[in-house]
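Peer 1: Here's the letter readout for the chains.
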Amino acid sequence: MKSVKNHISLIIPLFAILFSVEFYLIIDRIIQNYEKSLANDYSIIVVSKRPLSLDELKLVDEDIVSIKEIDASLVINRLKQNNINVDYNELKNFLPRFYKIFLSTFPSANKLNQIKAKLMKTEGILRVETFMKTHEKMYNFLIFIKNLSKIFLAIIFITSAMLVFKQIEVWNLEHQERMYIMSLFGAPLWMRNAILVKLSIIDTIISTLLVYAVYYYLLKSGYFSKFLGLEDIALNPDVLRTDMIWMFLLGFFISIFSIMIVSSRQPKIS
Amino acid sequence: MSKNVIIAKDLVLEYKKDQPIIKNSNFTIKSGEFVFITGPSGSGKSTLLKSFYGELKPKSGILQIGGVMLNDIKPSKLAFLRKYLGIIFQDYKLIKEWNVKKNVMLPLLIAGYSKDVCEAQTKRLLKHVRLEGKENYFPVELSGGEQQRVAMARALAHNPVIILADEPTGNLDEYSSRVIWSLLEGANEQLGTTIVVVTHSIPSNLKVPFKHLYIEEGRVYEIG
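Line by line, the protein sequences give chains H and Z.
Under the numbering used here, the first sequence has 152 at position 125, and the numbering climbs by one with no breaks.
Under the numbering used here, the second sequence has 150 at position 9, and the numbering climbs by one with no breaks.
Any given hint might turn out to be false.
Facing chain H, according to a computed beta carbon distance under 7 Å, are these residues of chain Z, among others [claimed, not checked]: (1) Ile148; (2) Lys224; (3) Lys264; (4) Leu267.
Listing some non-contacts, in silico: residues in chain Z with all C-beta distances to chain H over 12 Å [to be verified]: (5) Gly202; (6) Ile203; (7) Gly208; (8) Lys234; (9) Asp257; (10) Arg295; (11) Asp314; (12) Gly333; (13) Thr340; (14) Pro350; (15) Glu357.
Keep in mind that the hints were calculated from the coordinates and are not lab data.
A virtual CB, placed ideally from N, CA and C, is assigned to each residue, including glycine.
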C-alpha cells in the first residue's frame with residue numbers, strides 16, 4: 028500500500044508536467060495548421076493603374092508568394108447586377124487592374140500594415156485592401172491561447188518539478204541507510220541510486236502512457252479543435268507516437284536530475 | 142619484512158573546530174597484523190576507526206591506508222579504496238530489505254563478480270560462519286549473533302586487505318563472541334588479512350599475536 032502511494036506521489040506530478048508540455052505542443056501545432064490554412068485562403072486585394080508582376084512584388088515584400096489578376100469582366104458583371112446605366116464596354120477600357128496577392132504565412136496586424144504601406148508606395152498602385160479586421164480577431168484569440176498555454180506550462184512545470192523533487196527526497200530518506208551501507212563497501216553513485224532510477228523509470232513509463240491515452244482520446248474525439256472552434260483543423264493522433272518518446276525522455280531526465288541533486292546532499296549516518 | 146598498511150603521522154581528528162578528538166598521534170600498522178584499539182569510553186577509538194575508512198578526514202597530519210592518502214581523498218578514489226576494506230560494526234549495519242545471501246554478496250556485486258562466482262563464494266562463506274540454510278532469511282529474522290556472523294561473512298566476501306571492526310562483539314553473547322573472534326583469527330592466520338579491532342576489552346583466549354594501541358586523552362600509545 029505504501030509502495031503504491033509512493034508511486035502515485037511521483038506519477039501525479041510527472042503526469043502533470045508531461046500533460047502540460049504535450050498540451051503546449053498540440054496547441055502550437057493546431058495554431059500552425061490554422062495559420063497555414065489562413066495563409067492559403069487569405070489574400071490582399073490590390074488595385075493598380077498598370078500591370079504588376081510577382082518578381083516586382085517580391086521586391087516589395089519577400090512574404091508575397093503569388094499574384095493572380097482578377098478578371099475585369101467579373102467587376103463589370105457585379106456592376107451590371109446593380110443596374111447602373113453606363114456603357115460597360117467603354118467602362119472596361121477605363122477600369123484599373125485588380126490583383127489578389129497571396130502571402131507565405133498569415134501575417135500579424137503589424138506585418139500587414141507594413142506590407143500595405145510598402146505596396147501603397149509602389150508606383151501605379153491605387154488602393155490596397157487587407158480585410159484585416161475579419162481575420163485579426165480569430166488570429167489574436169489563437170495567439171492568446173498559445174500564450175496562455177505557455178504560462179500554464181511554466182506554472183505546472185515548476186510546481187510539479189518541486190513535487191517530483193520532494194518525492195525523490197522521500198525515497199532517498201527511505202533508502203538512505205541502504206545507500207550508506209553500500210557506500211561503505213565502495214559502491215559507486217550509480218549503483219547506490221540504482222533502485223531510485225528503477226522506480227523513476229517505471230513511474231515515467233506509467234505517466235507517459237497515461238498522457239498518451241488521455242491525448243489520444245482528446246484528439247480522436249476532436250476535442251481540441253472543438254475547444255478552439257476550429258473543427259476543420261483536425262490533428263492526427265499519430266503525432267503522439269513521436270511526442271511520447273520525447274515525453275518519456277523528458278520525464279526520465281527530470282527524475283534523474285532530481286535524484287542527482289538529492290544524492291549530492293545525502294546526509295551521512297553514523 | 143611486512144609493509145605498513147596504515148601510517149599515521151601527527152594525525153589530528155576533530156568533529157568541531159579546535160576540539161580535537163585525536164591529537165598529534167603517530168603509529169603504523171603492518172600488513173598481516175592483528176591490532177586492538179582500546180581506551181576509555183569517549184576516548185576516540187571509533188573516531189580513529191572511522192578515519193581509516195574515510196568517514197572522517199584528518200584535520201591535519203598524514204593518514205595513509207594502503208598507500209592512499211586520506212587527507213583530501215576524492216569520493217571516487219574513496220569508493221575504490223573501500224573495495225579493499227571489510228568493515229564490521231557493533232550494530233551490524235545489514236541492509237534490512239535484503240536477505241542474508243544478498244547482504245553477503247554486496248561487496249562481490251560492487252566488485253563486479255559474475256553471478257556464479259557471487260553465488261559460490263556466498264555459499265562457502267555462509268558455511269564458514271555457520272549460517273547454512275539461512276540464505277533467504279531477512280536480518281530481522283536472525284538473532285544478534287547471527288546478524289553479526291552475516292556481517293562477518295560480508296566483510297570477508299571480497300578477500301579484503303584490511304578488516305576494520307568496531308566493537309564487533311559488543312552486543313553479543315558468549316558463544317557468538319567466540320565465533321566472531323575465531324573467524325577474525327582465521328582470516329588473519331589463514332589469509333594474512335590485517336585486522337583492526339576497536340574494543341573495550343581484549344579477549345583473553347586469543348591465539349594469534351597482536352598489537353595494542355591505547356588511546357587516552359586524544360593520544361594514541363603503542364603498548365604492545
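Peer 1: Confirm or reject each hint.
Peer 2: Status of each hint after checking the structure:
no., hint, in the structure
1, Ile148, "violated, 21 Å"
2, Lys224, "holds, 4 Å"
3, Lys264, "violated, 19 Å"
4, Leu267, "violated, 18 Å"
5, Gly202, "holds, 22 Å"
6, Ile203, "holds, 22 Å"
7, Gly208, "holds, 16 Å"
8, Lys234, "violated, 5 Å"
9, Asp257, "holds, 20 Å"
10, Arg295, "violated, 8 Å"
11, Asp314, "holds, 24 Å"
12, Gly333, "holds, 21 Å"
13, Thr340, "holds, 19 Å"
14, Pro350, "holds, 29 Å"
15, Glu357, "holds, 23 Å"
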